[in-house]
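There are 4 protein chains.
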Amino acid sequence: MQRLTSIALITVLAVLMVFTVHPVGADSKKIVAAIDAAGASCRGVSQQIWEFKELGQQEVKSAALLKEELAKLGYKVTGDLKVPDDLVKDGISKTAFKAEMAGKGPGPTVTLMLEYDALANGHACGHNLIATSGLLAAAGLAKVMKETPGRVFVIGTPDEERGSRGGGKVALLEGGYFDGTDVVFITHPNDRWSLDQRFLAMKRAMFTFKGKSSHAAASPHKGVNALRGVLLTFNCVDSLREHLRQDVRIHGIVTKGGAVVNVVPELAQAEFACRALDTATMENAYTKIVNCAKAAELGTGATLEFTEPRVALKATITDPALLETVQANLKTLGIAGSQLKDFDELASSDLGMVSYAYPTVNLWFKIAPEGTALHSDAMREAANTDDAWKSTLIAGKAVARSAYDMLTNPAKLKAVQDGFKEAKAKEGK
Amino acid sequence: MQRLTSIALITVLAVLMVFTVHPVGADSKKIVAAIDAAGASCRGVSQQIWEFKELGQQEVKSAALLKEELAKLGYKVTGDLKVPDDLVKDGISKTAFKAEMAGKGPGPTVTLMLEYDALANGHACGHNLIATSGLLAAAGLAKVMKETPGRVFVIGTPDEERGSRGGGKVALLEGGYFDGTDVVFITHPNDRWSLDQRFLAMKRAMFTFKGKSSHAAASPHKGVNALRGVLLTFNCVDSLREHLRQDVRIHGIVTKGGAVVNVVPELAQAEFACRALDTATMENAYTKIVNCAKAAELGTGATLEFTEPRVALKATITDPALLETVQANLKTLGIAGSQLKDFDELASSDLGMVSYAYPTVNLWFKIAPEGTALHSDAMREAANTDDAWKSTLIAGKAVARSAYDMLTNPAKLKAVQDGFKEAKAKEGK
Amino acid sequence: MQRLTSIALITVLAVLMVFTVHPVGADSKKIVAAIDAAGASCRGVSQQIWEFKELGQQEVKSAALLKEELAKLGYKVTGDLKVPDDLVKDGISKTAFKAEMAGKGPGPTVTLMLEYDALANGHACGHNLIATSGLLAAAGLAKVMKETPGRVFVIGTPDEERGSRGGGKVALLEGGYFDGTDVVFITHPNDRWSLDQRFLAMKRAMFTFKGKSSHAAASPHKGVNALRGVLLTFNCVDSLREHLRQDVRIHGIVTKGGAVVNVVPELAQAEFACRALDTATMENAYTKIVNCAKAAELGTGATLEFTEPRVALKATITDPALLETVQANLKTLGIAGSQLKDFDELASSDLGMVSYAYPTVNLWFKIAPEGTALHSDAMREAANTDDAWKSTLIAGKAVARSAYDMLTNPAKLKAVQDGFKEAKAKEGK
Amino acid sequence: MQRLTSIALITVLAVLMVFTVHPVGADSKKIVAAIDAAGASCRGVSQQIWEFKELGQQEVKSAALLKEELAKLGYKVTGDLKVPDDLVKDGISKTAFKAEMAGKGPGPTVTLMLEYDALANGHACGHNLIATSGLLAAAGLAKVMKETPGRVFVIGTPDEERGSRGGGKVALLEGGYFDGTDVVFITHPNDRWSLDQRFLAMKRAMFTFKGKSSHAAASPHKGVNALRGVLLTFNCVDSLREHLRQDVRIHGIVTKGGAVVNVVPELAQAEFACRALDTATMENAYTKIVNCAKAAELGTGATLEFTEPRVALKATITDPALLETVQANLKTLGIAGSQLKDFDELASSDLGMVSYAYPTVNLWFKIAPEGTALHSDAMREAANTDDAWKSTLIAGKAVARSAYDMLTNPAKLKAVQDGFKEAKAKEGK
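Protein chains in written order, with the numbering used here: chain A, 1 to 429; chain B, 1 to 429; chain C, 1 to 429; chain D, 1 to 429.
One copy or two, either will do: identical chains are not told apart, so a pair holds if it fits within one copy or between any two.
Once the Cα atoms are required to be at most 30 Å apart in a straight line, the calculated DSBU-like pairs of lysine-lysine come out as: (1) 30 / 390; (2) 210 / 89; (3) 212 / 426; (4) 222 / 53; (5) 76 / 30.
For the record, the hints were derived by calculation from the structure and aren't laboratory data.
Given the structure is predicted, the values throughout are model-derived calculations rather than measurements.
Excised from the complex, chain A in its bound form:
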């Protein structure tokens, strides 16, 4: 299915490319010029965020800096966003923000998402460049909004790396900060230019088994071994693998495996994650994993404690018309369609949730040699180079101009919206 989908996609793109004539008008030039003008300043912002290297939920300085820059550009900026308190402590996302700028009259709303959280080894996922490519696009759009209908939202979405915990985009979606959006844009640095939109749906499961302790040598028959619940769950999950569709991923760890060797473990715990290319398939596999834990309870006599997690990540919805718009803009910026390459290896992101709510596109831009892994030290170093910055500028321009297309070309927006509905209807079928 994976294979055929992308073949179909390429066919669609090929067909669309033939019929697309993409004029580069006066406003587009103005946008590009404004981005170039903002370049040096934004490069500095990128460098600072790279140096702050703040972890998720702790991106205080990064968020403050971005809010300040957006305010300078004329955006109305709000911080300390109220969100569900079972997703973010105390119900206030302190490192999220929302910036808004209204155009000359009613019209569509485009939303730019900025990420800026780091990993333990620094900005090895290059989120400093996500933030600043978004900032560049915001600067470009700011220059033309007085003559352009509609609105621009710039949403600071923290804590992406732990997105399946729900503290990032999920909390902001539920908090209503995307309400009214028509199209969402985001970028991500990587080892290639790509419009491959696939992120895997994902859901975690924490299985806690409770038993009864006893002396492991003197009276094992009087104990109930909680670790047996964990081990049988793994055996069961492994027995599923042969018969799951090949894009399904299940991976687990033992988080509690017994206290001391001479006592029958009364507490044991395993965490699993389940993923697939579409949400329905992931959910189906997830149900099987939960059944494995229930089977382990039934088979071993250890008591299972499990509650469905508050948050699961959906697979990305791909909107072909939106891809076409970005690809066309990229082409005029010197990135040909033949430079766009799909990925062999896929992960998950809270972006999937946004893509399920609104037409959304993520532009992968190349900052490192092909083969450089995300989260590696090499990627971290690449994220603060001049070469990376050149790509960041192109990414910012491509986003700004594509957003501008959505604001100004109702036919294109309609195509995007129709494509979104169709793609969503097909998801998981």
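Following the hints, position chains B, C and D against chain A.
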């Protein structure tokens, strides 16, 4: 528990031995003489049965021969016994029989059980000697019954080797052929003299899993693998083992494991047997095994088909006063208490079911060097030697005299009956 | 990898299509006319083979009929082909044959492969149509060979369904019957037109474990349980799955799982098959499976008996220039490129071995509604319809004309040969 | 085996009891009187140690108090004992001590062992009473040593609860502090009076598996999962259980089970303990466990790191003549042989190592209702009651008088020494 039980038993025996004075009266001498007189003829019967080596349910010639001999001794003999037809085909046990002889007036009933089925490798379990030691005892008692109150039953119990299928003693118990019995006697040749009465309770389980076939390489995700049900059941059962009491035995085989390697198995099957020193513990472990199969169904999605077997074997009930009687008689026949040795390794028998219904004793008699395994070719050869015959004579005499004690000594019979009630009440506690 | 490979392929085809101008000359018309003339007769042959429904190695009547028809067309036919006697009993493949026809002078050799073995449920894989589409192509070429350089081989390759046993194409390859071939053609009916060449590399493993029998309840500690070897091998293989590339397939059955439940199994056996999109990846996974069996030996103490199988099937080598030739001919026969569809689900074939030795192409032709499964009863019925025959005629023509291209167009042949070398060099990298 | 051994033992004891005449001489009375005189003071010591509740290797105050009391009794006391530094940090056992008292001339050496380490929940194993029953015996012997040949050693053996780490008796044995000993005595409070000497041989195994991390969803095929090594080890160990002698105990925990769920674990670890009634059987099973870990390495590709532990505990050697001496003394102190009861549930102790080097006896004395578990809070409370103290006095007297017998009765000592040699020769056969 195992250990302590037998220690307690030995203590009981030790105490009883001190107080038992065992007079060898006139009748006892008559019994012994009659057995000696019948010796040569019975030796021939033993030889013939050994040569017939008829498997369970097919012991036609052996049964006919025994019936003929019993009739000659004056017993009233009945064959073709009606039994439940879900235990024996057509509801007629053709190789079972019952022989009866009434005494001079009302009194207790003693029952001698005779086995005569062979194994694939011949009479490697020595049942020819069980039959003929019983025949000897029947001959001995026949001589004195005219002056002795009560009755003698001699029951031919076929098919012991497949006893857990229910075609032997279970069918005859249910058919009512033991009704009215007070005490049951049987013997068994082995590598030692022993009054160790322990047989393990036992129950079988046949788990059939149904799945859905599919091409194993092209579309494994469209199949449901029945073999997975079997394999996960084994994993689950193995995860139980650490926490079962150490005398519990669970052993299984895969009876159907898939048809061809390139098709997802739609049918798979495993058979298990569960055993323990007491019936309650066996049943408890059995429930856990069944839960494992149910867990495998839940965890793998293959459908489980399982029905409880028609027959389960109970553990033997040991009656201390009955042991004491036999041990005392053995002593006068030259087999001292110090020659009696318990077993390290235990199996199951349909004898357990009889012992649960009536006070029952099994006398192990030595026909081969210690260490010779039951069911071995060496044991088969031993079962047809003159040395074996000498022990068989002693066994027959010990049984006959013990049975005579039960018929003539009300106090002893009362002790046996009381001990039986007490032991049964304790079983599995 | 799977996905990108096929995308690359489509791109290659798309590019090639643009530049290919395919003139349909006089000889081509003659070929088509000859095939149309042979149509009615060949339809009868197809019907007969469908009714013979002879299993592999037993296709005596089918082979005789085909040999007779080929002889009528002027081919020199040889049967009873000598092959290695460890692949086919007695070293004579009685249902294989080779037919040859020389052209007007030296030139390339094209080989047509015919299959005609059935399944248990009849010609549910439609091999009757493989045979007759080949016969049609042979008829078409026969008409022009007098004026055409080179040679035609028509090889009857029996026993495809059990191809991994080596009795079909592998035996004929080793017997030298393909020697001198330049390009090999074959067809296969299915639920769609397709030039998807992918077949999975495949290798079987039969693991036999030997233990030591013992009474399963009395003395389990004195036995060595051979079934434990099998079960632990499955556990080990299942623990590999998470970390194998997603196109790898491993599937197994338990062929011997113990004799009777109360005896520790002294013999147990499992058969596995291992497959992957490329031969190197399959071999790598295969080594891991064998290590699992060795681990099971080490861990359980049961003795492993295993020898590498005589035959393993390689993955297909895809030759882009050859595909282009067939696709171009299909187009002129009314089957457009857009009608060609790849498969989601892949299996293995002894065709892979041929493709590794010579540039080879398999043309899938549509005889049933999309979604009809190979080996289903529905496919069997479809294989004997008039609609199916129409497709068979097209397939025969496409093969004949492509073969003719190879015989007459040295540049094309050179492109095919170069592409073959290149593809083979890349395999498994 | 377990069962028969103890039956044999009881038989031996029964036989010995008949022939033993145990005169209570003048010195014996003097010993008892001295112990009664020391009672009140020792009760205080017991109370203090109970309140100190110092964990193993930290029993500073308890050791100081005991050393002071022994010095008061006239013993020559040494602390800070030098031991192997790979068993105890810095090679000084700070909470061990040795006290010595020489008699009136050359003769045998008797050694009393004192334990005084607590558990997390206090003196729930009643070691305060082990220490003070030993102190009482030391007081009793002190009174008579001037007229008695030989020597008394009183060795403070710390850290029993973690004995398999080697910091207690093993370190002192290797340090030479038992050198010259003829017979060793120790006591232990429990829920019954018992001379059951069985402790299980025991050895630990720590298996560390190293793999290679990778993104668990994007590139699981590029990682090597260390947790797989652990899980397959458990599966393998579980597959052994059916075929181990029933007294073998294997129990394990997962000490490291992976760091985060989205990364293939590069480090995982499991700890196992293996035990059996005899050392040879334990070692045999241990080898099988290690083979399981090696099999897991071979089967999963994760690298195993394992080194045999520095210390393993041997099973206890039981010396029948020594038991007889203690039992005879107990009888004169009011504890009849019929009050002595064996245990159903067995554990391990570093006492086993001492018993392997010297004839050793452990006297279990009753301080709590039958069924009260060692290490329970109920046992902790029982260890500080007046009723417990009464038993402690009897235990101290029984030890002192038995030790006196060894010092003064060469025939008895010879019987003990001969029995020791014989028992040791048989161990594990």
